[in-house]
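J.: Residue-level listing of the chains:
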Amino acid sequence: MFSNLINSLVVISIVFIFLFSLLLVFKWLLFSSQWGVVTQNLPLYAFGVFPVDQRWRPCLWLLILAFLSIVTIFKPRWSWFGKVLPIAWVGVIPLGVGLLSGGLGLLPVESRHWGGFTLTILLMSCSALLAFPLGIMFAIGRQSKLPLIKYFSALYIDALRAVPLISILFFGQLLIPLFLPLGVEINRVSRAVISFTLFVAAYIAEDIRGGWQAIPNSQLEASKALGLSQAQTIRFIILPQALTIALPALTNQAIGLLQNTSLMSILGLVELLGISRSILANPVFIGRYIEVYVWLAGIYWVICTVMALLLRQLEEKVSIQRRIRKNV
Amino acid sequence: MSHIIRANNLVKSFTKGLRALDDISMVVNKQEVLVVMGPSGSGKSTLIRTFNGLETFDSGKLEVVGVPLYSNHDERNIRAIRRKVGMVFQQFNLFPHLSILENIILAPMKVQKLTRIEAEEHAMHLLSQMGITKQARKYPSQLSGGEQQRVAIARALALKPELLLFDEPTSALDPERVNEVLDAMRTLAQKGMTMVVVTHEVGFAREVADRVLFMDSGKLIEMTTPDIFFSNAKHERSRKFLNQIEK
Ligand SMILES: Nc1ncnc2c1ncn2[C@@H]1O[C@H](COP(=O)(O)OP(=O)(O)OP(=O)(O)O)[C@@H](O)[C@H]1O
Ligand SMILES: [Mg+2]
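The listed protein sequences correspond, in order, to chains A and B. Numbered per our numbering, the first sequence spans residues 1 to 328. Numbered per our numbering, the second sequence spans residues 329 to 575.
Check before you lean on any hint, since a few could be wrong.
Below, computed lysine-lysine pairings styled on BS3-like, alpha-carbon distance capped at 30 Å [claimed, not checked]: (1) B:Lys547 with B:Lys466; (2) B:Lys466 with A:Lys317; (3) B:Lys562 with B:Lys358; (4) B:Lys344 with A:Lys150; (5) B:Lys547 with B:Lys358; (6) B:Lys438 with B:Lys358; (7) B:Lys344 with A:Lys317; (8) B:Lys358 with A:Lys145; (9) A:Lys75 with B:Lys466; (10) A:Lys317 with A:Lys27; (11) B:Lys519 with B:Lys412; (12) B:Lys358 with B:Lys466; (13) B:Lys441 with B:Lys466; (14) B:Lys547 with B:Lys568; (15) B:Lys547 with A:Lys150; (16) B:Lys441 with A:Lys317; (17) B:Lys344 with B:Lys568; (18) B:Lys438 with B:Lys462; (19) B:Lys441 with A:Lys83; (20) B:Lys344 with A:Lys145; (21) A:Lys145 with B:Lys412; (22) B:Lys344 with A:Lys83; (23) A:Lys83 with B:Lys466; (24) A:Lys83 with B:Lys562; (25) B:Lys488 with B:Lys441.
The set of hints was computed from the structure by calculation and includes no laboratory data.
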């Protein structure tokens, strides 16, 4: 009886609080919100301060990405497409860099003019593309029989995981130029991508190690008994299984990577968050914080959802269960 | 030179003082089927795993398929041996992420550098020998234990080995699946394959083995023909063991 009463009270108050907040949100949406800060700046959110007459380039890239995402998620039944798709996904990232930076007949655009949604996606995809092989290398290094490689890899992984990303990003901006020979300069975007890559690779290596350790020793023995070399065993027996096991964790890394790109705004890159802050600094849009941050949250949510769907496809593709289902 | 394995005074201990292999000297001849028997923990697995370098030894000398192996375990010699010696495990140890066909063609393609077409042709031939052609495109988890073990035998045969090692190939199988694997092994023996088989299957040993090796506590107790071993074993320990397993 008594516990029932408490339960009912709790439920009623939760419903009440929920309805009340809903009311506040609606009130704000209907009477006080002004979305001009979003609608009037859509090109800025999308492309940053990319030269107006060249905006078709990031636009084209985003359209290609959207197209690839749609075909990946909705899987049309074209037979050639299964083979082309992974190559397309890897290729589209350097293509983006090429389209944005220009050259080869395109007008060169300096990286400090890149920005907005385009830059966010570019930072994320470039870092992911570079960090993945590097992470695999460190994961392999950590299992190496050569002490030097083994301890260097372990040290690297532990050190990078012990330092907050934001300090690595600052270090990267300051230190990377010192490591380069005199006269060679690299821009802020590249420095950011390098720092990101180095950071994420350590986490990827750990995730892969998790998968690696789940593989029973008997698999290695079977492979050795067949005369496969150490390298062949890693390539054909361990990595395919370890990566499959690690994939959910790697998906998490990818989503974390996306969200961490927003830290770049502190370093002065005008990716989504950075461009939003500079829009907010414009006196015309003074005080429109909530609209901008709601809008930003929405965009990040959409990107995350699309990424999660895409990686879900990858998980499906590599899962043995699915291959078995296809078979029967 | 009709021997395929020659072991001289092999000694191995995992923990100090306890010898898993205690001064083992023996010879396995070409086209011979040797069955290894002994109580649990007597060192049977350790012995046959030294034959393809999965286990190291502390002293003594080993010669397998003409390749010498000393206690320093030269990696190149070990790989040379493994290219000519197949092994079948108790738990099958198939690669779960590869189809049956891929399991079999992996080593021929990567170790012997055959083309995929050559390797697949040979693999299909082996699968039909094992009576499981239909399963070629399936994955290990879709097969019964007996079928998986026959795939494992086909995989071990894919490198055209001169010697096959079996470590309790039927111990993990349901009783009604044991015979299909033993039959496959029997056929191999009839074709003249040299085999060293650790097993508790007395029927198989009696019928197929040329000799039986009995081990206890890392020692080679006796090595004789199955007729003598099963009806007239010389040693007390062998008789005790036979009494136990016949119960
Ligand atoms: N990796 C290892 N580390 C430590 N000791 C081991 C290891 N492998 C085997 N031993 C020991 O070596 C001895 C021989 O083991 P082995 O596995 O060769 O016996 P077995 O005859 O194959 O037994 P079973 O019939 O149970 O398979 C045992 O005392 C065992 O405890
Ligand atoms: Mg054993």
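J.: Enumerate the violated hints, using their earlier numbering and listing them in ascending order.
T.: 1, 7, 8, 10, 12, 15, 22, 24
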